[in-house]
Amino acid sequence: MGINMLSSITQLQDRILRDRAFFNGLLDDLSINVTEMFRDPEFYKSLREKIIPKLRTYAYFKIWQAGCSTGEEVYSIAILLKEEGLLDRCQVYATDFNRKVLEIAKEGVYQKSEIEQFERNYELSGGKYKLSDYYKSRYGSVIFNRELSSKIVFADHNLVTDKVFADVNLILCRNVLIYFEKSLQENVIGLFYDSLVPSGILCLGTKESIKFSRYEHLFDVVDEKQKIYKKKIM
Amino acid sequence: MYKAIVMGASYGGLEALKIILPQFPAGFPVPVIVVLHIGDHDNEIFLGYMNELCPLQVKEAEGNEPIRKGFIYFAPPNYHLLIEADFTFSLTTDEKHNYSRPSIDVLFESAAWAYTRNLIGVVLTGANSDGALGLKTIKDYGGMTMIQSPCSALSPAMPRAALKIALPEFRLKLDRIAEKLIEIVNSDR
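Protein sequence lines, in the order shown, are assigned to chains A and B.
Using the numbering used here, read the first sequence as starting at 42 and increasing by one per residue.
Using the numbering used here, read the second sequence as starting at 1495 and increasing by one per residue.
By construction, these hints were calculated from the structure, which means they are not laboratory data.
Be a bit skeptical, because a hint or two may be false.
Unchecked claim - Below, computed lysine to any residue pairings styled on SDA-like, alpha-carbon distance capped at 20 Å:
#1 A:Lys86 to B:Gly1542
#2 A:Lys153 to B:Glu1589
#3 B:Lys1590 to A:Glu157
#4 A:Lys266 to B:Gly1542
#5 A:Lys266 to B:Lys1590
#6 A:Lys266 to B:Glu1589
#7 A:Lys248 to B:Asn1572
#8 A:Lys266 to B:Asp1534
#9 A:Lys223 to B:Glu1559
#10 B:Lys1590 to A:Ile73
#11 A:Lys266 to B:Phe1540
#12 A:Lys266 to B:Thr1586
#13 A:Lys86 to B:His1535
#14 B:Lys1590 to A:Glu77
#15 A:Lys248 to B:Asp1534
#16 A:Lys248 to B:Cys1645
#17 A:Lys266 to B:Glu1538
#18 A:Lys223 to B:Glu1556
#19 A:Lys223 to B:Phe1581
#20 A:Lys248 to B:Ala1672
What the hints assert, rightly or not - A short, non-exhaustive set of chain A residues, derived as facing chain B with CB atoms under 8 Å:
#21 Val75
#22 Tyr99
#23 Asn216
#24 Lys223
#25 Lys248
To be verified - Cβ-Cβ distance ranges computed for the label pairs, FRET-style:
#26 B:Ile1539 to A:Lys252: 19 to 25 Å
#27 B:Gly1533 to A:Ala100: 30 to 36 Å
#28 B:Leu1541 to A:Lys169: 51 to 57 Å
#29 B:Met1495 to A:Lys169: 54 to 60 Å
#30 B:Asn1545 to A:Lys91: 25 to 31 Å
Since the structure is predicted, the reported quantities are computational estimates derived from the model, not experimental observations.
Even for Gly, the Cβ is constructed at its ideal location relative to N, Cα and C.
Only chain B is shown next, with the shape it has when bound in the complex (with noise of 0.2 Å):
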């Protein structure tokens, strides 16, 4: 049964994001847990704005924290978001990987880790390669793989990238993947 869904989103990953995740209805069975690459400034009216968008409750994800279903989880900017064996987060400030932090790798390799099977992992638009070996992870741990098809990405190239190390089971057009996600997870009641 799947019990989370990390999903990476870079450049253009705003817009992408705002299509998703208002999508996902109230009482949503899974937490949502997104690394978006915007640099090193607060995302704090972003996440408000997000907020007033979505069903679900949209937050910063905060050291400690244990993970719960009807949130939406954004890693902080300048952290990597790791997830920990007894599902609750960790934030580290490490090196940048992929010249990302938070990135997008971290997250997918440490949630594989944790939730083995039992996540799904979703590579959006991006102009580099994070989150191409993360959800190379997820899949080697048994968990459901998906991207932005990327000729439907604002930026190609990081779902390109996904595509090519991962092989992933789902390549769909950007409103098309929230649909998607709701009936994998339902499905598996």
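The shape of chain A in the complex, shown without the other chains (with noise of 0.2 Å):
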């Protein structure tokens, strides 16, 4: 409130009803974006034994990221791909309501400092090289190679509003349902089954599940632990 000089909340108020982009602005702002690459490495061991063989099936498959953020956990499941020699084949939806954490996903660009924990997080989820082979560093940054980004669209989707955008095979979403009430949490568990294909997968955060949802007879578990659903063929 002290950056646009509002002294009380009714003046916010008043900004929020009227002013689109600040209303957009605010909403960027309340939003948490904090994550890592390779985040729960043991999530990512179990989608490289578990899953990766199913995707293998496929001439051609399609993933959603939902809720990307700052693209770590994209660009993650995109080396993932590349050492699995999938890249080629699939289409990765990362979609956000933020756009300002869009655009930072976009650039693929993330801090020195932070690089540390995700080689020590890419090595214990079973990465098969090093994660320096996937991106440059210059003044404090690194720059991920542009061959990731290559078969990933960054697009605006809101879960609590938006509808389905496309038949996946694959969707992720994780860390991103605990911030919503049952109800909602309900609702978007519901658009990601109406968004798989018959046997996709839905991959949730480990403190997430879809037990005691509605949904809940409508999956097979493939790895109860890591939270790794299979839809049925009805």
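Join these two chains into a complex; the hints should help.
Okay, structure coming up:
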């Protein structure tokens, strides 16, 4: 509020209601955008072992990273696909409702200071080479190879208000649902269900689950601990 | 009337909690909610072990879960644990606070907002200063505050920071903490 020279909540409310650009800026500021590459290495290990072989059976497949934030996780997926020789066979959609973070994601430029953690995660996740094979360092930043983002479309999509936009084979949405209350979680899981092809895979965060949701019986559990589910063939 | 106890521990916390938590009897009328800094590792084995030791049921706190008496809840590793106004848990992956996720301050502050004066906060052994500001918030909202006496702590820095910033009502040796908490909670019913 200080930045915008507003002295009261009432003034803030006034700007929110009348000024669309201000509203969008506030929305961006209120969203949470903390993430890292290969966060939860065990998850990526499981993905590599249990899901990659399934994707390999498709001539062409689509992946949706929902709530991609600043892009660390979608670059992680691209690296994994590259190592498995599948990057050329796929289309990745990386979406977020926050346009500021989408711009950062598109750039694929991250702080050098974070890389150490990313490297550690990459190794623990069963990475085949070195993370540094995929980026160049420059002035305290690292930039990921263009090849990785060549298959990624970054797009504005709001999980709460927007609808199905493609049939996909794999959805990754990790640590997004924890911020939603139960009924909203239910709606979003429904959106994922509708977006997945039969036998499509849904990956949630370690502390998220479709348990107790009305969609529970419509999925098979692939990995209970890593929260990987497969849509049943009806 | 006290409705919950929140507890924070870091270095040396495992040993301290092993002494405190088993002392709460079955039927203890308030939930106990704990942040223990243990890095990013899975704490399943540790929780199973604590469950064996404790008359109360020990479990990891889950998002949207209603907080109930009879339970000792632990924050999951690598997530902040918060308490909502409707006395349910929420988890976040926000930035680390005091180099920690979960952070004791984050739990304590949100607990103070939800429970106001019906809350007891306890800071145990640790090598940083997490929990000090949170304990002060609990005090500011009228709750009861307690620390493990720094001289009895494996690592005195954390209770010492809490002592300095929050000026807690109680400063107790490790083996007196559970006893005192039970006394406070029972005398209040």
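Here is how each hint holds up against the structure:
1. A:Lys86 to B:Gly1542: It is violated: about 25 Å lies between the C-alpha atoms, which goes past 20 Å.
2. A:Lys153 to B:Glu1589: 17 Å, holds
3. B:Lys1590 to A:Glu157: Holds, at about 16 Å.
4. A:Lys266 to B:Gly1542: 16 Å, holds
5. A:Lys266 to B:Lys1590: 24 Å, violated
6. A:Lys266 to B:Glu1589: Since the Cα atoms of Lys266 (chain A) and Glu1589 (chain B) sit roughly 24 Å apart, the hinted pair is violated (cutoff 20 Å).
7. A:Lys248 to B:Asn1572: Between Lys248 (chain A) and Asn1572 (chain B) the Cα gap is close to 10 Å, so the pair holds against 20 Å.
8. A:Lys266 to B:Asp1534: 15 Å, holds
9. A:Lys223 to B:Glu1559: 10 Å, holds
10. B:Lys1590 to A:Ile73: 13 Å, holds
11. A:Lys266 to B:Phe1540: Status holds; Cα separation ~16 Å.
12. A:Lys266 to B:Thr1586: 19 Å, holds
13. A:Lys86 to B:His1535: At roughly 16 Å apart (the allowed maximum being 20 Å), His1535 (chain B) and Lys86 (chain A) satisfy the hint.
14. B:Lys1590 to A:Glu77: 12 Å, holds
15. A:Lys248 to B:Asp1534: 13 Å, holds
16. A:Lys248 to B:Cys1645: 37 Å, violated
17. A:Lys266 to B:Glu1538: 11 Å, holds
18. A:Lys223 to B:Glu1556: Cα-Cα ~12 Å, so holds.
19. A:Lys223 to B:Phe1581: Status holds; Cα separation ~14 Å.
20. A:Lys248 to B:Ala1672: This hinted pair is violated, its Cα atoms lying about 30 Å apart.
21. Val75: Result: holds, 5 Å to nearest chain B Cβ.
22. Tyr99: 31 Å, violated
23. Asn216: Hint on Asn216 (chain A): holds, closest Cβ of chain B at ~5 Å, below 8 Å.
24. Lys223: This hint holds: Lys223 (chain A) lies near chain B, its Cβ roughly 6 Å from the closest one there, short of 8 Å.
25. Lys248: Holds, about 5 Å.
26. B:Ile1539 to A:Lys252: 19 to 25 Å: The hint (19 to 25 Å, Cβ to Cβ) holds, given that Ile1539 (chain B) and Lys252 (chain A) are roughly 22 Å apart.
27. B:Gly1533 to A:Ala100: 30 to 36 Å: 43 Å, violated
28. B:Leu1541 to A:Lys169: 51 to 57 Å: Violated, since Leu1541 (chain B) and Lys169 (chain A) (Cβ atoms, about 34 Å apart) do not stay within the stated range.
29. B:Met1495 to A:Lys169: 54 to 60 Å: About 59 Å separates the Cβ atoms of Met1495 (chain B) and Lys169 (chain A), which means 54 to 60 Å holds.
30. B:Asn1545 to A:Lys91: 25 to 31 Å: 30 Å Cβ-Cβ, so the 25 to 31 Å window holds.
In the structure shown, a violation is registered for the earlier hints numbered 1, 5, 6, 16, 20, 22, 27, 28, in ascending order.
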